[in-house]
Structure formats: structure tokens, C-alpha cells
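Participant: Sequence:
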Amino acid sequence: MRRLACLVSIAACCLVVAACGFNSANNDEKIKIVDWQKVLAAHPKYELLVEAEEDWHRAEKMRADQVAAGKKQLALLDKLVALKQQTRANFAIADYATKMAEHKARQQEEFVAWQQQFLSQKNKLLAAEHAAIIEKHQLPIVNLRLKLANVRLSDVEKATLDSELAAALQAQNDELAALESSKEHLLTAAVSQQKQVLAEETASYSRQLQTDLALAQTTYVRLDQADLAKAPREFSKVLIGLDKQVQLKHATFVMVQNELDKDVQSALEEVTAPQGNVIVVKNAIVNINAEDLTEQVKRALQNKKTN
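Numbering (mature numbering (1 follows the signal peptide of the UniProt record, and there is no 0)), first residue to last: -18 to -1, 1 to 289.
If you are wondering where the hints come from, they were derived from the structure by calculation, not from laboratory data.
None of the hints are false.
List time: in silico EDC-like cross-link candidates among lysine to aspartate or glutamate, alpha-carbon distance up to 16 Å: (1) LYS14 with GLU273; (2) LYS106 with GLU162; (3) LYS104 with GLU162; (4) LYS106 with GLU166; (5) LYS129 with GLU146; (6) LYS118 with ASP156; (7) LYS20 with GLU277; (8) LYS14 with ASP274; (9) LYS177 with GLU92; (10) LYS20 with ASP245; (11) LYS226 with GLU42; (12) LYS286 with ASP243; (13) LYS226 with GLU84; (14) LYS286 with GLU241; (15) LYS20 with ASP274; (16) LYS86 with GLU183; (17) LYS53 with GLU216; (18) LYS27 with ASP243; (19) LYS286 with GLU252.
Using the sequences and the hints given, assemble the complete structure.
Facilitator: Right under this line is the structure:
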């Protein structure tokens, strides 16, 4: 198996070709390179990766901001009441975001299970119709083929029968295509309806959750004066909630990144397998006199995701 050169991250002004298995003594063989980052940016889901990374960093920033604000407030004993109220509010925001994320994750699992069950039921129902179409056209097609097997046919007769057979086959294919199209329309409509149901459930859950959290906040405000000593503990709860958010956003980012990296790696291997030694660069900041295979890999990636 031809070797794919190791991934090289060029952050300085040098490129160690030998480390990638390239034989610089062979002047007849031009260096071949692939810019990993450019290929990744061409992935149809690259915007999802950027979005996931931004969400993750926003969660980190939110946590860092809360830590800074909390430390400052805890140092001001005369503002403990205000601190506790803010802490509870922040905890409510983190708790709301966490519960909504968990709710959506459960909904996604339920949706996948529903879709699989729906497809299974529809396939069973449409199987009989598919068989009926085949049976309907089978005898005429067989008869036409038997007639065409007659060696004593004139050219005119043979041409006529060929035309009739083609028409019969086309009619069968048209009916099968229409059946398949109806299946897709049914699925599209059902998915749209199911998503609408889930969206309404999410909106209802969100409203109820916000109401519950707001009611809880109102109750806590009345108890703030008696609970000043609990402020540090409540602050820790906020951090726990924010940590969960950071972990959740980071896990989502890693999941999307791994999926895209896998697709890029697959396209990379497909294009570079016949090429011999290839240098893969990431974030290159130096000019390299080489044959650039990046566009080929990008096309291979896009073809894979389209098909």
C-alpha cells in the first residue's frame, strides 16, 4: 500500500520533508501536497463545525466571565445579597440551557426511532404495490421477448416489436418510479409534520421551564437575607452548571470535527492512494514548489457527500 505522508502543521518558516517520507534526491518526482484546512473548509458541513466551535468558546467565555464576576462580588461582603441574586439568575440560565439541551437530545433519539419505524412500515406497505406492478407488466414483456426470439421476423416486424418492448419496459419503470416518488413524498410530509410536533413540544417545554425558573427566582429573592452565608455554595453550583455547558458544547464540537475529519481523510486517501508520497499541510504559511492536489481532494470530498 502506498504511503500517505504524515500531517504536517507548518506554524514556522520551515517544512521538514524528510519526516514525511519524501525522497528529495529524486529530482524527477515533484513534491505533491494537500492543504488539509482548505479541504476541510470545502466540506458541506463546515459551517456546522465553525458554529459548534463558536458555541463552545462562547460557553467557555461565559464561564470565565462568571468566574471573574463571582470572585469580585464575593470579595465585597456588603454586596452579598446582590451577588446571590445574580448567582441564582446565572444558575437559572445555565440550568435552563442544560435542560433544553438534554430535552433536544432526547427528542432527537425519539425522532430517529420514529423515522426508522415509519420507513419500515411504509416499505412493507409499498412492497405489495411494487410486486403488483412487476406482475402486471411481466406477461406482456415476456410475450414480446418470445416474439422477438422468432428468427423469421422481418426487419419491420422486429423493429415494431422492439418498440413495443421498449414501451412496455418504460411503462413498468415509470410506474415503479412513481411508486418510489410517492414513498419519498410520504416520508417528506411525515417528517415535516413530526418536526412540527417536536418544535411545539420544545416551545411548550421551554415556556414551562422558564415559568418554573422565574417562580423559583421570586421565591429565592425573599429568602436572600437569611441565606447570605450560602452564597459561595450557590456560586459553585453555577460553575457546575456552566461546566456542564462547556463540556456539552465541547463534546458537540469534537463529534462534528471527528465526522468531518473522517470524511476529509477518506477523500484524501482516495485521491492520494495512487500518487505515491504526498505531504499533507495544515495552516501553511510558506510557499512550496509542489503539485497541489488540494482541489482534487475537495472535489472527491464533495462528490462523496453529494452521492
